[in-house]
Amino acid sequence: MTNTLNPYILLGIASSATIDDIHRAYNNLVQRIQPNTNQYSATAQEQLETITQAYNLLVSPTQRRKYDTQSTSTDDGKSDLSFSMRVTPSKRAIIPLPEDQIIYLLADIIASPAARKLEEREAHLNLTLVIDHSKSMEDENRMSKVKAAAQTIITELSSDDVISIVAFNDWSSVIIEATHVQDKMSMRGRVSMIKPKGGTEIYKGLAEGVKQNRKYLKPSMINHIILLTDGRTFGDEEQCLDLARQAVSDGITISAMGLGSDWNDRFLDELASVTGGTSMYVKSVADVPIFLNRQIRSLSNAFAERMQLSVIPESGVNLEMAFQLSPSPQPLTHENGIIRLTSLQPKRPISVLLQFQLPAQLAEGTTSVARLVSTGVIMTRNALKHVAVGELEVEISKNPKQTEGPPASIIDALSKLTLYQIQEKAQLALENGDITKATQQLQFLGTRLIDMGEVELGRQALAEAQHIASTRAFSSEASGKTIKYSTRALIEPGGMKSAITAMFDNHGDKPTNDDNPAET
Amino acid sequence: MITCPNCNHKNRDGFLFCDNCGYSITDAVAGQATIPTRRVPSDPDDSSAKATWGSARFRQGSSVILHIHEVADPVTVEPAQRIIFGRSDTSSTYLPDVDFSPYGALEKGVSRQHAALEINEDTLMLLDVGSSNGTFLNGQRLLPNQPRVLRDGDEVRLGKLITHIYFK
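One line per chain: the protein sequences are A and B, in this order.
Taking the working numbering, the leading residue of the first sequence gets 1, the next gets one more, and so forth.
Taking the working numbering, the leading residue of the second sequence gets 521, the next gets one more, and so forth.
Chain B on its own, in the form it takes in the complex (with noise of 0.2 Å):
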């Protein structure tokens, strides 16, 4: 039972909002639980693969998909040394690798250069480039500049913008 702090409610374990009085009843700080389903293949082959969610292990020749929280279309990113995340915007030239401007990154909070992907032997590393709003990993906000391993199926939030990554 959780005992809700405005209210006196008892809630059975699990809510996350009070049923009673709707107030925030969950300590936990938002992470990650999303576990990738097996995708329908568009290419037959793809369906022998094995979830690989989890696995911090990335292969040389695999690219990076994006799943942009409610946006269909996948997202694929070409892995390079360095990738970086952010948005154009109309005021000045600079382009970023990812531009996430279709995606309403601007009312969302991010930033022309928000996030980095790194590539590290053969992990991806995740690093926050000194944004406004903040990278979040599985929940956790990244300190700037701090690199962080990423894995096959984690929630990555730039300011209030949600993707989950997966490699394939």
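So here's chain A without its partners, still in its complex pose (with noise of 0.2 Å):
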């Protein structure tokens, strides 16, 4: 099978398409993407430099035929092997404005239904564990928990698997060479030697783990760091960012894991979210065997790799904010245009939430708002690349035929996405010294929690507004970082069932589950 992406569907033309039609594609399709001298012009010229290649190959009789010839023959039957993007906009037509406006864009990843059937997962892991073992680990029996957590890893790898654990504090040392999982006695017992002392200092831990990981790097792998920290880093958050923007090109995830409550919440997010991996808040130390066995189980499960979306909007158009609300909810980092999601598993869709902001004064016509392409590595033996293209065509009138509101898909995602950002700026005035304005957007929070029927959180959240209003902190660092996670929570569809129950009270309307008699 080659490794080439699908020419066809970069270009969005069926596989009979004639020389005509792969032109005029190909011609519309560099006239909408100009790199022009916005910030998108990086990804805009990628985007070009990858259709431009599917035409030249396209135009040439003899490398389509050769093309055509491959992908249809030598790939064992592994062509059902894809996935494919639905884009659903919050309003297909547009009323020209004259101020600025919004919308929605609800992008869904979905694995094809043969991925589903495949029996066993080819791809296997290339582990790194980076564990701090500062001082504080030792608080709550933290150590001896995260060691049996990192036992039992050991014990359910396969010997295809590659493991390398590395632990931190003011240094970095390796317990375990990077290394395909073979003696995994002697493996548990050099876990079992950890032990607390010192400070945190991330950045020594990650740069090993980076180098552990890199030598077993493959692409038909999943190479993956899993950073468990209790503590706050100080001064090497760039390093630690650059090193994850490093690493992702390499195709290797970070996922951090904060226990306790000392860490730095929007720096883990934000070093996970550059590379695609998950930042997770593990409450209870007792919960951290089930988080870290639940990490790698997605991991292992992993139909396609290396997921990344780019965007490149039309012109005069500004993506402001990118959310992942599934498989895990995780906000996003989206530095021109440039988006990178969490694997793709065969039976649950990424799904991403867009908010662009539309200029005013629109002319009348239709727009795509942006062009939205998605690239991942599909985990076979082969690696193969695949790509998915999101195509839509949003009408700008001042009359507009269609005058339907929003997608009960956005709006359920939104109500909820809403109050995760009401969070984030009660914390983040909150470390401005605003006061006011923390105490407020909390009382916010709280006032929709309880509507919504979140009742204990939204009490908590109440509460601890009162508590900023009087002594101008949270009554504790975990009741802050509690509230955050448990709103972000939430935003998984299905994480909250009232919400939809909320939906339905406004219109006057309750679900219930006794049944009617059949009518027919």
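Hints may contain errors.
Said to hold, decoys possible - Taking lysine to aspartate or glutamate and the DMTMM-like style, the derived pairs with C-alpha atoms no more than 25 Å apart in a straight line are: (1) A/K347 x B/D539; (2) B/K530 x A/E99; (3) A/K385 x A/E49; (4) A/K398 x A/E314; (5) B/K530 x A/E424; (6) A/K481 x B/D619; (7) A/K347 x B/D642; (8) A/K283 x A/E237; (9) B/K688 x A/D21; (10) A/K398 x B/D533; (11) A/K347 x B/D617; (12) B/K688 x A/D451; (13) A/K347 x B/D619; (14) A/K481 x A/E238; (15) A/K283 x A/E424; (16) B/K530 x A/D451; (17) A/K437 x B/D533; (18) A/K66 x A/D80; (19) A/K117 x B/D619; (20) A/K425 x B/D539; (21) B/K688 x A/E393; (22) A/K484 x B/D539.
Claimed, not checked - Covered by chain B, per the in silico footprint, the following chain A stretches (three or more residues, Cβ under 8 Å): (23) 86 to 93; (24) 103 to 112.
Note that these hints are calculated values from the structure, not bench results.
From the three backbone atoms N, C-alpha and C, an ideal C-beta is built for every residue, glycine too.
Could you fit the two chains together into a complex? Lean on the hints.
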């Protein structure tokens, strides 16, 4: 099987397309994707290059024939292994306004049905654990729980998997050099020797972790680093983020797990987001094995890895916010329109909500808002690269024919995402010393949560609002983090049944589960 | 600008929830805005088909594809004169033509007999057959037993279960 991205999908044409169709499709795309001088120019340039490659391949009769034969014959029936993208806008018709306005796009990336039928995953893990063993890991018995969790993972991995373990405090030390998981007994023994001592310097641990992970780095493996820490690192955050950016360009993903309450949540979120990893708050140390296990399971179950969404807004349009709703809610960084996503599971779509700002005085006609291209590597033995393109057209008209409201899936996602954003604003206001704003935002958050039936969390937010008004701080760091990560967890579809109930209430229509007697 | 009725915050047009307080500021009924993208075809011939989105014409020999929200695999339904959407349950032997039980039908408030698809010459009609929690076509609740024309790409909600319907 060739590892060229499917040129037909890239150009949006049929495999039976004539040479004229190819020219036309290419010219249209080139006109749309002008690498002009805005912040997306690098991304546009990249998309343009892949499109031009696809075009050059298809206009050469020999190359096209070669591609067609290769993709249909030599792939032993694997051509069905693919993913597609579905894009839903918050409105289908835009009325031009004298001021800026907002539109949301919901992108769902979905594995093909053939993906679930794969009985055995061919991809294996190249896993690195980077474990904080600073003095504070003695608290609540964190160290021994983390060691036990790491040992369980060693037991569960197979000899096709590769593991390395790095421990760090002010220094880093390699506990297990990157190697295939074979001598499990001695590996577990080495883990048990880790002792808590010293401070927390994440960069040292992470740098050694990346070094270990690179030793077995392969496109056909799932190359992943999990950082477990309970502390704040000082002054080396930027270094860590630079390291993460290099790591992701090599195909390494980083996830971060924060224990206790003293770690820097914004930093760990960003560290995970720049690579497409996940960041988690483990409130109770007893949950470490559960979280770690779930993380490893979802990694080894990945259908496609190194998932990326490249977004080029139309001219004048600006991408303001990107958030991964599913499979795990995660704020996303979107520098230059490049967004790293979590791995694609065979049964759960990746859903990303994008918020765009549209300029004032739009000309009537149609717009695509943005061109969305999703790429990833399908985890078969051959590590197939795959691409999916999301195209849509939205009408711009002063008197639109379509006046329907936004789809339920977007309303549902936004009802919860807005709460998470309010929570973020409260935390930021508090950091900046704006007590009035922090208090007010937490009050809004508490009220909305209670409205939605999340009474306990809502009460906690209201109580913290009061606490902040009188003491200028959360009652504890842990409480601030609980509010943040619990609100975030609600975003996961199905994570808050009551949100949908509240939505029904707005329509004056309470859902019931008791059934009607069948009428027909 | 949309001024939030709850906190008077001025939001840019297009926000659905107040940026300041989270209050719902859209008065629009949830409706259709789904535009199917060119799905990556599993068989090459399929890619030649232009998106038929928006068309009410249901050609003979076509089948109906249901994309259930949060479910990766689409469900293909072969059309018949009348197809009942619903859920099976353990207390009776009733089995609807399309059983949504595996997709959380019970907790999403899908009735045993919820809605029906009917073929009417070359169009497909959707009707609610007296469900408890309602059938919504592009966000609008259907009156019981009043058929409505279904178009390619429509959003159909059974109780809280969201699905998109495509013709193929």
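- Query: Taking 25 Å as the top limit, are the C-alpha atoms of A/K398 and B/D533 close enough?
  - Reply: 15 Å, holds
- Are the Cα positions of A/K398 and A/E314 separated by 25 Å at most? 20 Å, holds
- Given pair status - A/D80, A/K66, alpha carbons within 25 Å: The hint holds at about 19 Å.
- Decide if the proposed pair is consistent with the structure: A/K385 and A/E49, CA atoms, cutoff 25 Å inclusive. 16 Å, holds
- Query: Does A/K347 pair with B/D619 here, judged by a C-alpha cut-off of 25 Å?
  - Reply: Within the cut-off at roughly 19 Å; holds.
- Given the hint that A/K481 pairs with A/E238, does the C-alpha gap stay at or below 25 Å? This hinted pair holds, its Cα atoms lying about 22 Å apart.
- Task: Take the C-alpha atoms of B/K530 and A/D451, compute the straight-line distance between them, and say whether it is at most 25 Å.
- Result: 22 Å, holds
- Message: Hint check: A/K437 vs B/D533, CA-CA at most 25 Å. Holds or violated?
- Response: 23 Å, holds
- Message: Tell me if the straight-line CA distance from A/K347 to B/D642 falls inside 25 Å.
- Response: 34 Å, violated
- Query: Quick check: the stretch 86 to 93 of chain A, covered by chain B? Criterion 3+ residues, Cβ under 8 Å.
  - Reply: holds (count 7)
- 25 Å Cα cutoff - pair A/K347, B/D617: At roughly 24 Å apart (the allowed maximum being 25 Å), B/D617 and A/K347 satisfy the hint.
- Message: Hint check: A/K425 vs B/D539, CA-CA at most 25 Å. Holds or violated?
- Response: Distance ~10 Å between A/K425 and B/D539 Cα, so the pair holds.
The structure shown violates the earlier hints numbered 1, 6, 7 and 12.
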